[in-house]
Structures are given as structure tokens and as C-alpha cells.
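> So you can see what is in the structure, the chains are spelled out below.
4 protein chains.
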Amino acid sequence: MNIFGTNYRIMLIGSSHGNLVGVVIDGVPAAEEIDIGEIEKDLMRRAPGQSKVTTQRKERDKLVIEAGILNGKTTGEPIVAFVRNKDVDSSYYDEIKDTPRPGHADYPAFVKYKGANDYRGGGRFSGRMTIGLVIAGSIAKQILRRKGVSILAYTKAIGSIDADVREENLKPSVVYDQENIVRSIDPELVSQMTEAISNAKKAGDSLGGIVECQIRGLPVGVGEPIFDSIESKLAHIAFSIPATKGIEFGSGFMAARMRGSEHNDPYIIEDGEIKTLSNNAGGILGGLSNGMPVVFRIAFKPTSSISIKQQTVNQLTKEKAELKVRGRHDPCIVPRAVPIVENSAAIVMLDLMLAGGFIGA
Amino acid sequence: MNIFGTNYRIMLIGSSHGNLVGVVIDGVPAAEEIDIGEIEKDLMRRAPGQSKVTTQRKERDKLVIEAGILNGKTTGEPIVAFVRNKDVDSSYYDEIKDTPRPGHADYPAFVKYKGANDYRGGGRFSGRMTIGLVIAGSIAKQILRRKGVSILAYTKAIGSIDADVREENLKPSVVYDQENIVRSIDPELVSQMTEAISNAKKAGDSLGGIVECQIRGLPVGVGEPIFDSIESKLAHIAFSIPATKGIEFGSGFMAARMRGSEHNDPYIIEDGEIKTLSNNAGGILGGLSNGMPVVFRIAFKPTSSISIKQQTVNQLTKEKAELKVRGRHDPCIVPRAVPIVENSAAIVMLDLMLAGGFIGA
Amino acid sequence: MNIFGTNYRIMLIGSSHGNLVGVVIDGVPAAEEIDIGEIEKDLMRRAPGQSKVTTQRKERDKLVIEAGILNGKTTGEPIVAFVRNKDVDSSYYDEIKDTPRPGHADYPAFVKYKGANDYRGGGRFSGRMTIGLVIAGSIAKQILRRKGVSILAYTKAIGSIDADVREENLKPSVVYDQENIVRSIDPELVSQMTEAISNAKKAGDSLGGIVECQIRGLPVGVGEPIFDSIESKLAHIAFSIPATKGIEFGSGFMAARMRGSEHNDPYIIEDGEIKTLSNNAGGILGGLSNGMPVVFRIAFKPTSSISIKQQTVNQLTKEKAELKVRGRHDPCIVPRAVPIVENSAAIVMLDLMLAGGFIGA
Amino acid sequence: MNIFGTNYRIMLIGSSHGNLVGVVIDGVPAAEEIDIGEIEKDLMRRAPGQSKVTTQRKERDKLVIEAGILNGKTTGEPIVAFVRNKDVDSSYYDEIKDTPRPGHADYPAFVKYKGANDYRGGGRFSGRMTIGLVIAGSIAKQILRRKGVSILAYTKAIGSIDADVREENLKPSVVYDQENIVRSIDPELVSQMTEAISNAKKAGDSLGGIVECQIRGLPVGVGEPIFDSIESKLAHIAFSIPATKGIEFGSGFMAARMRGSEHNDPYIIEDGEIKTLSNNAGGILGGLSNGMPVVFRIAFKPTSSISIKQQTVNQLTKEKAELKVRGRHDPCIVPRAVPIVENSAAIVMLDLMLAGGFIGA
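Here the protein sequences come in this chain order: V, R, G and E. Note that the first sequence covers residues 162 to 522 in this note's numbering. Note that the second sequence covers residues 162 to 522 in this note's numbering. Note that the third sequence covers residues 162 to 522 in this note's numbering. Note that the fourth sequence covers residues 162 to 522 in this note's numbering.
None of these hints come from the bench; they were simulated from the model. Accuracy of the hints is not assured; some may be wrong.
No copy is singled out in the list; a pair is fine if it fits within one copy or between any two copies.
Keeping only pairs whose Cα atoms sit at most 25 Å apart, straight-line, the calculated BS3-like set for lysine-lysine is [claimed, not checked]:
hint, residue 1, residue 2
1, LYS436, LYS258
2, LYS479, LYS275
3, LYS223, LYS247
4, LYS485, LYS308
Note that this is a predicted model, so its numbers are computed, not measured.
With the sequences and hints as input, model every part of the structure.
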């Protein structure tokens, strides 16, 4: 199933080494002003080759919008948007096609599609497919913003370097600052995180990390029980991002070690409004927004493509083999995952706000 | 949206204090033998009042199947199955209806439904709704078993007591042993976990924990990219279980701190078949099963209903209030969550095996 | 696929000779007052045994509502409603199970389900399944009425006796008058139509006819292009009613013989509102309501169950066979189809009005 | 809702005067050989300007396939295919935008979209949107053919000239013969039908007609009860084709005047296979294919765009107005509707054969 969403429905099109990668979006509210420049900026944040901590491949992702936006406004018809794949060299993938790369989808995809799938550059399993998530989310974010909803993702941890999240840093100008090439929420950790990634890279190895995301300004009651809770929908899309290994909301896995009396967030009145004193709930109770910031974290595994020699097998002959993954790969995917998480969250929140009638179709 | 699943579609019916709670299932393969006794056994494992670590409420959940199974076989028509709610006393909920219980859905549900929702016993947000998941999953498990797929969930942790998972304990006879009232995967931790729960109970408090689940015997290639990966679907249903705070697969959040060279599972040949040496992937690559056991963990928060006095507000008058949740509640939901997780996983796996053509409709 | 509808989603449950037949409805707007008596009245109009022109079977269809309506109001949770099957005698169906009845689904169902389907009384192909349509539509009709939308179906033709539709007869009191046992829109044709049916019955034969339906009071713009036009949705559900052979809107098949200058409905201003002078469009342009009455007609074939001897085959031995369908069957289904068409139309219109935001969820 | 289909899911993209019109298809079986030339041929059959009985506009519909077909085979990823709109002059539509054209969607679309829709050339309501149906159906037809399923549509009637359908004419070479510019199933009626259209054109008027379609070679049991019967699905898509006023299967509306003993198709054994003597069922019983040819007819209204002066209103000022529709329009849409019906039927049949497991995904 290549379609996600009930009201704001997205279909990812293309593949890593095909003509293009992008998205078709059905259910877009009509007459919404869309700033194309903002989508391009979000694509740039995801793009490879931006800094020394990302891959040096330059993909020149130029946005093409073929339908659904006219004179800067949505027409209500499906939006068709993509970037063309350029200068793609698939020869390497032919070379390694029988020796699945550890950590990649190569082997189960080979079995599932009986060898008929497009294995070049990971095909439909490529991280490049997230371009469609960024485009669809960037459009959603603009519509949400006009309803007072803002979304910000940032690097919480690179390897074992874990950042504190301070209220004053929670702004795009900090996270997307030119110098902050790791997208850390704590600017003081930028050089330390950068060094950790550089060291992994020098060793031909890679690093994992954690992206945290906050959604603010949601009205109370967003989310559709029983199966379309905020958590269910965000978790669903989170695991569509390659390299995701876990997701947690609010207190998350720490909750397992807490007592109810610590964990329950007491209600208070603040400026005449009902709030909670703490936010272990992560802004969600019973799957519904409760007016506090929605907070979630996604764990990313270290990039699977490493240049250290690895043990594998030949999937045809079933013999032992060795493999060194060639090419220029991200030593840590986390900095580029930040805008992907942020925009994926926007897709879900627009879908749910449409479902709940908070935004008219 | 009350419907989950693409091929094996379930709709949860009823509410906590209504006539009944249960499930309607569409897309059930025809002519499958179903042992009703097994479903009843699964319901018993979820039922309250089983032991001193669960609530003392006795709900006498008697299974009724009204359609879809004839002479012990599925007919292919939708299955309608439920248990009737008995001896329900809703008076307490009337008493506290304006003072939302911390940790529960009361307040956002009040706002969303403008006070018109059935607040009695949590209504549709009640843990009692999981009865439908258990029934649908128990049926799915029987169909899956005939395809060689087995699923087992167990308590991995209660509070800070974390069990080791040893291969020899991975069997229902250990987890569902009468004496193992906490459903621990390590039988030696039963008394320690039991005591921890009892202590929390005595203090009028509650405890969280972690349920782990393993799915074995899956063919390679189950899962439908891009949006219906095994992880996306399992995570989606996991957050439909009340009290879930996080989910992780394989290495999970630990992956964030690992290097690629540690994390990538090297391929090996074992008995002529392609396997991996380690299983950080948790049996899933690119959203597809890779032939290794699927392993995931769900973090549960401590039960929100505690008898310690809590700070809340009156949601009508917006004044401060205090609340002591009355009634008999589970001091720790984890032991009863074990069969819920296990059966929810079965729902997803049957849905995906039908989607992939591994089982005929 | 047993689910119909995007916003008002219905699933038909049960089967002809199972425990029950009915419906589960998801997406019902909350806090809507529902008069159960009205649903019962609609079920009575569909019920067999009401008059000499319908089958003499008495099915005593007693409505049971198990969930979703509390104190006369919808709760927003799925509605579970059905009637129990009583005194079902399946012995006859065992007798004829290898000799498919001409005009029935017996033979293709036997092939499709490899003999495993419930063939008793037609199983899921039985006209009795329409009970779920009547219940779901009767609830929808009550919600629509409060939005000013009224729906009326009536017998337009029995065999070759075709009624004129006069504005003054377009009211339930005419169509559902006790004496009007054929549900004719022209009261003067009642005896003639009754006689035609009686004659067919005496001959052991059956008759077809046409049901027309009008939907009035729709706001302009209901319908969702491209694929959820009013026509597409009404036609879709129309062919879920057994015995339907065709559907046409407005001018219908006559349009094929008309010129554009005759067919186009000229716009006029009437009481300050935009109307059309004629209504060849049947109230729909581009799939959207245009403010004129929606008018459509459904052709029903003569009942397939006749007591005249018929030529068939033994589907196991592939030998010639003969068959006389026993039992008490409707000599003409049209009078009982009238409330089914009316209520099916209500299901579609509520679904589309929810989709278009004309009614809040 | 712009998506149609459960397994073979199509989304129509673009609009009449936008950059492009086309289709995105999800759920395409992988590794199917597709002859692009055949799709182009089907597009040509739909294209305007082919003959003196169609509009003289030349749209030069050049097919572009951007994703999903690689080296002549489907890859399993969504197919993205379209034709670019060229030399579009929208000035005329600006001129008439406040005076809705009788028979078109102009007025209800104006109300629904509050004037924000793309009214140029009918926007999303344009007949040009059917290009996506032709592309998706042409691909489906090639997959179906390899399973022995063939589909042929043809002109049954133009105005009151009604053709006899003789078995020997049921072949593409007759219907799509260069000389048979009206696509008549009876070659002897070509000149008469051509003349009727020419006369209407000379008068500035237009004509309606009937397209019949036959689907042969279906296995027994295709169709998914209750709501995804062959009839429901074909009728659903039929009303997505602009100008459709009615659809009937087999005996169709004639069935209303028949007796059961005439209408029931007796079973016979022919060459060891179960067949029926007549085919009033139109190849479908209980929504399932019964092995006989599926036969249906669609009534098309006369083209709404006529050059005769028509009465309309100004939808802003609510004053009387007059309108002469300018431009080159088809005096009769039926010849160009033939390939649209044929390919739309293919979309449905592939969707249902995938659903029933007759074709593997």
C-alpha cells in the first residue's frame, strides 16, 4: 500500500534511480496559499551534500509542481510534485546485486519480488523516497501554521551525546542555523556532535541518534479514537522513514520505571485555561491532544552503508561473501532526518485536523 | 475511524458501560477451523480479577459469537463477537464527571465531544475495548499457526526489574503458567515482580513496565512498502492499546548509541538458509520480514487510576479541585497487557500475510 | 468487501439462515436523536407477509440495537443493530444444493467458494441482507430530515403498467397507505398492478418492475468529484440490492434519443433562486446536486424463485436436471424494494453530506 | 475522493487547462509486460479531431510515462502517466464565467467551491479527465488479456438509430475500422449514423446514444459481495464518465416487463461446461461472473455544448442571460466514449480479479 492518510492522502511516486521521486497528494483543501520557496527550503534541509557531516553527493533536487497549485494557491485537485533524478550511476548496484548489504532491504526485497524489483540505489526502499514526505509535509505545515499550529524537530542525540532541550532554543533559527550542521537543539553541543560524526566517518563507520519533535498550538481534541489516535498515526509514518528503530511519546520508555503518582500530570489553571503541571503525557491523552505540546522522539540506527568490510552471503549461490559498501554515504543520517520527521509530523497533523473538522476541506 | 486493517479489517464495537464490548471482523478467510475454547482462554488471560496483582473486579467475560463461524469454521462473512457487560455501576462516574482524572482521556474527550460522549468507565477510551483486539487476534493466531507462524508476548520489565530473555523460556507454558501471575519471561523474577506490584498497590500507587513480543516462523518478505511495513502496522495498533508510551524494534532506542559496524547484522548460511548472525534488525529490513524472529517492545505507563489524592480542576468552573480515584484498579497493567499485545500482533500479521498473498483470502 | 461508505460506513452482518442479519455503522454523527419506532416502521415496510402481493412467510423482524444509541441519541460509537432469524428451516436448501436455481447466485457462489459458502436461503446473497440497508438508511433519513432533506421512493411500474408521477402524490401518506399494497405512486393503478401480480402468482410465475426515487431539499454542491459523484454512489449501492438490472438518472436512457437543445435544462430565476426550467439532469450536474430534485429509477427483474418447472444442471455431475423452486416467494419484489431503495439512497446522501461538510461529524 | 479501486487504485491528476491530465496508478502487479504503443493507440481512439463526426480540435495527446514502467515492464511501484496540455486558450471561459452553461457542472461547481475552482474548460469536470481512465484501462487490458479476458465496447445506438449486435461483428477490427468513424457494431449503419450526427452538427445541435460493452473470458466467480459486485463497480466508474445518464446489465430495463419464466436463464451443459441458454443475466448472478459474457449498456446524453442560443442566468447578479457556447465541440460524444467505456471496464475487471486472487499482486 503506497497511500497514507485518510483525508490528506499522499502517494509516494518514483524510485531512487528512476526518472523522479515525489508525491501525489489528494484531499488538499482548496484556495490555500502555498509559498513554493518554503518547500524548496525544506528540501534543501533534507538534501545531501550540505555540509561535511552529510554525504558529499550533490543531488540538485529541483522542485517541479505539475498540478494542484495555480497562481500560488491550491486548486483542490491532487497536487503532483517531484524532483527529477539526475546523473544517476547504477553500475555499482549491478556489481553487488547478489550480495545483500547488511542492514539494507536488499535480501527480503529480493525474495519478495523474486528478483524483479528495481534494486538500483535501494529502489523504493531508498531514503530518497522521503523527498515526497518533505514536499507533502511542507505544504501541510503552511496550512497548519495559519491555524496556529507549529512543528519543530531537532537533533536530541548523536550517539551517546544527548542534548538538553531548553525552551529558549526551541526555534527554527537555532535548529536550522547555518553553523548548526548537526541540527542540535543545544548549540553548545554542535562541535562535539560534529566531531563524533567526523570520527565515525574517518573510521569508515557510522553513528545513530535521536530526533525529537514538538507540535505546539494544537486545539484540544485532535485525534480520532480508537485507531486514528495522534500516536498511532505519527508512529505509523515514523516507521515509513528508513532507519527508524523506535518511537516514544512524552515520558516514553522512562514511564515503565515510574509510579502513577509521579507520572500522572496534575491539572492546573493557567491564565484561565486548563493545563497540566508536567507533560509526561506528551500532550496526548486517550489518543487526543490535551492542549500541551505534543512531544515525541524517534531513534535512528547508524547508517547501514559503511565502508568497513562486512560479512554477507551470495543470495543465489548461498555461499559466504564479503562486501565493502562503496560510494559517498552519510556517516550519520540524523541531521538530514530532522526535516523529514518535522514534515512527516505535519502530514499527520493536517490529516487529523481535517478528520476532526478543525480545518474545512 | 474505528476500523483497522486493509485485508483483515476489524471494527471495535460497544463501550465500557454499554451493553457489550467486542469486534466485527471483515475479510476473514473462509473455511478456517476456529477453536472457540482458545479464544476464551485468551480472554481469560486478559480478564481482571485473575490474581492478586490484577484488579479484583470480576467481569465474567463470556464470549458470544453471533455470526461468521458455523460448525467451528469461518464462513467468510463478517464475524460478530463480543462479551456482554454485566453488573455495571456507573454512579461513581457521574460523581466525578466534571473533575477529569489525571492521566485519563476525560478532559480532551469532554472538549472534543462537547460533553456528549459516554464518560462512564472511560466509555470508548476504556481498557475494556481491548477485548475486541483479543478476540480478533485469537482468531488470527489460529490461522497463522497453521502457516507456521507463532507469536508470544511476555513481561520484560515491571518498574525497574528487567528480565533476561532466555531461549528456553520462550514458550506459552512458561509465560502463562498459573504461578507466573506477572507473565514474566524469567520465572525466577516472578516473586520479585509480584512484590513490587504489591508494594505499589499498598501505597495506593501503580507501576509501569515493558512487554516484549516475538513473532516466529514468518516467511521472508512479509510487509508492504512504503506505508504498510511490519513496523508501521504494529506500531499503529500498539498505540491503540491504552497506556502505551513507546515501541521499539530489535535494537530499538539502543541503536541510537551504536555504530554501523556493530549494528549491521552480518549474513550467514545456517542449515542451507540465509540468516543473520545477530538480530539488531528485529527481524525486519526495509519494513519486510527477513526470516529472523520479529522482536519488539512496548513501554506501558503506570496505571493512571491510583487511590492517592491528586490535583485536578473542575472543567466547567475552571477551579482547582482534588480527586481520589475510587474503585478496584490494576496496580500494574502489564500482566494483563501481555495477551493484548500478543493478539494485536496477530491481527497485524494476518492482515499483512493476506496482503502479500502468503495466505489466500 | 463488505464495507460501503467513506464517512458513514456500513458493514452488513449475518446471513439468511444464520443467527441474525443486520448492520454495523461506523462514522455516525454523535448526539443525533433517533426514533427507534421509525426504524421499525421502515423494517415493516420491507417485511414479507404484509399483503397478498408479497410472500406469505412471516419473519417477525424484531429490531435489536446493541450499541451506539443511548437514551434515544447516537453516542458516536459504531451502531450495532440487527434482527434475529427465527424458525429457519434449511432442509429444502440441502435438497437442491447441487442443482443451481436459474437467476440466483447459487452456481457462481459454488464455484467461487468451492462449495464452502452458506448456501442456505441464499446465504449472503439473500434479499434478507437488505435489512441492514433499511436500518442504516432509516437512521440516516432521520439525520437528513433535520437538514431539510427528504427522500421518497415509490413503484413507477409493475410489468408493463407504468404510473404517471404527479406532484400531489409525492408523499409518504400516498405511497405507504395501507391500501396501496403495491406502493404505486398513482393510487388509481393500485388494483390493476395488484391484479397483474396476482395473475403472475397464480401462474407460478413472477413479475418485474421499476422503482423511482426522489431526493428533495439537498443544498447545491453535494457530491465529490471525480469518483464520488451522487450518481456513482447511488448506482454503486443500487446494484447491491438483489434483482437490480439497471439505473438511470433524470432523462436516463431517453437521453440517448434526444438532442442537446431539448435535453439541456435552461436556467431560470424562481423566487430569487437559481433553478432550471426542466429537470432532465435529474438534479445532478457534473456529479453534484444542482438544487433541483434528484430523480432516479431502478429496474428490477422478475423474482427468480418461481414454482414453474425450470431447466438446470447438476453442478457436480454436470448432468441435466429439472427444478421447481418450492416455498413461499414474492411474485414481485417491487413493493418491498420501495423502502429498500429509499433507505439505500439515504445512506449515500448522508455519506456525501458528511464528506462535503454539509453535516458535521 | 479522487481515488478509485481497492487493489488497482487510480487517481486522476491534472485538469483541462492545467499543465497536464493523466493518472497515477497504485497496486499494479509487478513484472507485467506493457506495450506503450497500445496505450497510445487507445488514446488516439479517444482523441478529438479524428474525423468529421468529432470535434476539430487537435489536442496532440502525447503520452508521457514518468514512473512505474521500466524497460517495457511494470516495476510494481505506482505508474505516473499523463499527456501535457498544449496551446490552451482559456480566454473564452473568462468571458462566460458568470453565466453557467446549461447541462454543464458550471453552476453547482461555482456554489460548491465558492468560485475558487478552475472553471477553464470545465476544469476537473472536463471530458478531458477521461484520458486518465483510458491510460489506466489500456494497461489493465493488456494484463487481463494474458489471463484470457477480452473487452470490447461499441456504439449500439446514435439517437434513435439502434444497431443489431451480431456475433461476427464483435471484434476490434470492425469497431475500430478507419471507415467506421462512429464505432458502430453494425457496419451497415455507419453512413446513416454519420449523417445523423452531421445533421445535428449543421443545426448547431447535438445527439446522444448508447455504448454497449462485452467482457469475455472471465473465470466464474469474479466479483466481491456484498458491495463490490461487478455491477456496482462498473456502474460506479460508468458515472465517472461525463454525460452518462444510465447503465443496465443484460436484459436491463426490459427486465421490468418480463416474467420470471422468460427472464431466468436455464442452465445447460455445453462442451462439458456449465453455461446458460440465454443471457438475460448479462453474465452476472449475485454480483459474480457466471461464465457467460458480461454485457452492459451506458446511455449518453447529447453533448451539452451546442451553438444554438440558450437561456441561462448570471449566477452573481441572478439576472436572466443568454448564451451561445462557442468553440469546436463534438456534435455527439458517443464515438469517442467507446474507448473510454472499454478501458474503464478494464480498470474494474483487473481490480476485481486482483481482489479475488485470480491474478497475483
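> Can you give me the call for LYS223 and LYS247, within, between, both or neither, at a CA distance of at most 25 Å?
both (10 Å within a copy, 23 Å between copies)
> How would you label the pair LYS436, LYS258 (within, between, both, or neither) given a Cα cut-off of 25 Å?
Between. Shortest inter-copy distance 18 Å satisfies the 25 Å Cα cut-off; intra-copy 55 Å does not.
> Using 25 Å as the alpha-carbon threshold, which applies to LYS485 and LYS308: within, between, both, or neither?
For LYS485 and LYS308, the Cα distance exceeds 25 Å both inside one copy (49 Å) and across copies (37 Å).
> Which holds for LYS479 with LYS275 at a C-alpha limit of 25 Å: within a copy, between copies, both or neither?
within (15 Å within a copy, 40 Å between copies)
Comparing the model with each earlier hint shows a violation of hint 4 alone; every other hint is respected.
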